[in-house]
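Q: Chains A and B, in that order, are what the protein sequence lines are.
Just so we're aligned: the first sequence equals residues -8 to 351 in this note's numbering.
Just so we're aligned: the second sequence equals residues 6 to 391 in this note's numbering.
Among the clues, some could well be false.
[Said to hold, decoys possible] For lysine to aspartate or glutamate, the following EDC-like pairs were computed, each having C-alpha atoms within a straight-line distance of at most 16 Å:
#1 A:Lys68 to B:Asp338
#2 B:Lys278 to B:Asp142
#3 A:Lys276 to A:Glu164
#4 B:Lys335 to A:Glu225
#5 B:Lys98 to B:Glu147
#6 A:Lys348 to A:Glu321
#7 B:Lys7 to A:Asp23
#8 B:Lys98 to B:Asp137
#9 B:Lys169 to B:Asp142
[Said to hold, decoys possible] Here are some, though not all, of the chain A residues that point toward chain B, as calculated from beta-carbon distances under 7 Å:
#10 Arg30
#11 Ser33
#12 Tyr62
#13 Val63
#14 Met64
#15 Ala69
#16 Ser105
#17 Arg106
#18 Leu110
#19 Gly111
#20 Glu113
Hints in this document: simulated from the structure, not taken from any laboratory.
The beta carbon of each residue, even a glycine, is placed where N, CA and C say it ideally should be.
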Amino acid sequence: MNPPQGSRIVVGMSGGVDSSVAAALLKDQGFDVIGVMLRLWSDSETDNRCCAPDAQLEARRIAAQLDISFYVMDAQKAFYQEVVQPFIDGYAGGTTPNPCLNCNRHIRWHFLRSRARALGAEYIATGHYARIGISEDGSFQLLKNPDPDKDQSYFLHVLSQEDLSSTVFPLAEFSKPEVRQLARQYQLTVAERPDSQDLCFVGQENYRDFLRKIDPTLLQPGPILDQDGKVLGEHQGLTAYTIGQRKGLGIAGPEPYYVIEKDITSNTLIIGFKAELGRTGFSVKDINWISGKAPTDPLTADIRIRYKSRAIPGVIRPSKNNKAQIELSEPLPDITPGQAAVFYKDLVCLGGGIIKKEAL
Amino acid sequence: MKRIYLDFAATTPVEQRVIDAMLPYFKENFGNPSSVHRFGQVSEKALDESRRSIAANLGADPSEIIFTSCGSESDNLAIRGAALARRAKFGHKHILISPIEHPAVQVTVDQLVEIHGFEASYLPVDQQGQADHKNIDKYLREDTAIVSIMAANNEIGTINNLRKIAQACTERKIPFHTDAVQYAAHHEIDVNTLGVDLVSLGAHKFYGPKGVGALYVRAGTDLLPAQTGGSQEFGLRAATENIPLIVGMAKAFQLVIEEGAERQERLIPLRDKIIDFVLEEIPNSQLTGALPSNRLPNHASFVFEGIDGNLLIQTLDSEGFACSSGSACKTGDPKPSSVLTRLGYPPKWALGSLRVTLGKDTTLAEVDQFLKGLPGCIQRVMEASQ
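Build the full structure now, drawing on both the sequences and the hints.
A: Shown next, in the form of structure tokens:
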């Protein structure tokens, strides 16, 4: 979106290089920029990155340097309800949830936008590397970043027309090295800060330790079986495994074993060889069609089932209630319930949904 | 955007006449008052005159005025100093304060309890924050080492009736301290009429500079010094005196005495306009603290049910109005105001507080502009929270 000259824009600031440069660019372009950091988490035991005092200090320092107002807002309750609880529930239900999707939808957009409006801003901006286009019928489109390394559309497929109409991506046309260069030009102290990677709220520990702390029963040992039901060993709790996982099984065989299935009701982990893993068909739910109009007829699209994975051509057969059956043109070994399947037509992100656990 | 500052209980700008009084003491007259030479003597004179001026304005003797770095330090010196001295001398170990004291008092007492083995108890306050002065006798003990009750509350503006508390303490020879940091910014204090033994002041609340305060210590009140070293400030606070700031404080305090009544006369109608407007126009609003007749002349404070007070302050700021809130938190982790919680407000009220404090130069036009903007801001905060 291109807001009118001088509009007030709230920039979601994390203390990292991307959002800092985003704020600096908007300020340079003459917008009335307000920096906002959302306080997501208050656990002082884990030095979780998102709300760590040093990130807040950094964002505050950048805002001061840019001479913009900066506010930290309390989003802890919403974050727990909309992101952390579904994350725990997802694992408890045997899927591999992607909390960043819920966070984008509910926190970084819905929550931040509502707060931005209170501050008199009709627009929000983030440091995502994504672009917004306008289709022939005037609706907003989410476009892939041509640089596959920095394309974040996978995480942004949850955005609505309303979201896109009020969103600015100042980094749309830049590559990461260019953004770092800009940070140096603006003399931002964050220019050399490393990129953030892991789940923000689990901090330095891994998600298994996090889950163990929340609810130890999520990590109950149980049997590891092969496809024929033969016991091969003991797993350390199903939440510790994900479909297609090879490492960490600790079971020797004629060829490497992979996780094929997690059976929550019997607390068993089913493993097999690579040939048994791949499949082409699966179903998705909770689809967000970015255009706001769910198609009724089957359509072909490029489909991505992981953030960093290659998009595979396939057919989407939409059904009622934002569900669809997907048939890929080639089998994939790691179709993982709980992760998102995101659909593309060339550069346009059509939307996406959550891969269902139930077999077809 | 023209910003309107309505947070004068947090701090005030330094008055030009105060700056003018201070300026010669940064560079021209920079001597150390402890020095023997003429440079030192010039500074010593300024220190002495400042001390005399503040003493005269409190009805005290100059030897009873200790300069400190701020109101908080004065509170620390008074409470820790008196409590430890009384215990050393008489073995007394009880401290009586109100439940809504400034953190400079509350946390100091907490430390005395946790580290030094004192016992604290609280003189109750009513729902408006007024300490129960009538029943003070019931709360004093044989071994009470010090009583500290604030003159006026920073968050809710309530002015306490200290006379009876002071009398009861005097009868029992218990040192009585009052944190008058807010109160003394508006009202004259006569330490003898009031009957207090220790009074904390902070200059930046009355158009003086930050970084300087004072403690009145009635002659004969035992204090253990908090800062040891040289013999400055009658041996109670070792440090080279900060002459420019001390001169500034004396000048600013002099102006409160000279112009306080006039300032009050101007402020009270403005304050009451805000109070009347909010209570009439904003649904689910309450005045916190005392009724206008018994609150600081520049102080209006409210709670709004179900409002995110932090967001309200941010929203008001985005419209150019600088206010504050007892629950506000710069790091985004607001807690219900402890003062309001102790007055019995449940979290849904105590999280939604707003404090508007006016300055001597606040105009009617500024107040009107604020009142024009406030309902919209509250409306937007409510919509955001849904």
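Q: Each hint should be assessed against the structure and marked as holding or not.
A: Hints, verified against the model:
{"no.": "1", "hint": "A:Lys68 to B:Asp338", "verdict": "holds, 11 Å"}
{"no.": "2", "hint": "B:Lys278 to B:Asp142", "verdict": "violated, 39 Å"}
{"no.": "3", "hint": "A:Lys276 to A:Glu164", "verdict": "violated, 32 Å"}
{"no.": "4", "hint": "B:Lys335 to A:Glu225", "verdict": "violated, 49 Å"}
{"no.": "5", "hint": "B:Lys98 to B:Glu147", "verdict": "holds, 10 Å"}
{"no.": "6", "hint": "A:Lys348 to A:Glu321", "verdict": "violated, 20 Å"}
{"no.": "7", "hint": "B:Lys7 to A:Asp23", "verdict": "holds, 14 Å"}
{"no.": "8", "hint": "B:Lys98 to B:Asp137", "verdict": "violated, 22 Å"}
{"no.": "9", "hint": "B:Lys169 to B:Asp142", "verdict": "holds, 9 Å"}
{"no.": "10", "hint": "Arg30", "verdict": "holds, 3 Å"}
{"no.": "11", "hint": "Ser33", "verdict": "holds, 6 Å"}
{"no.": "12", "hint": "Tyr62", "verdict": "holds, 4 Å"}
{"no.": "13", "hint": "Val63", "verdict": "holds, 3 Å"}
{"no.": "14", "hint": "Met64", "verdict": "holds, 6 Å"}
{"no.": "15", "hint": "Ala69", "verdict": "violated, 10 Å"}
{"no.": "16", "hint": "Ser105", "verdict": "holds, 4 Å"}
{"no.": "17", "hint": "Arg106", "verdict": "holds, 5 Å"}
{"no.": "18", "hint": "Leu110", "verdict": "holds, 4 Å"}
{"no.": "19", "hint": "Gly111", "verdict": "holds, 5 Å"}
{"no.": "20", "hint": "Glu113", "verdict": "violated, 12 Å"}
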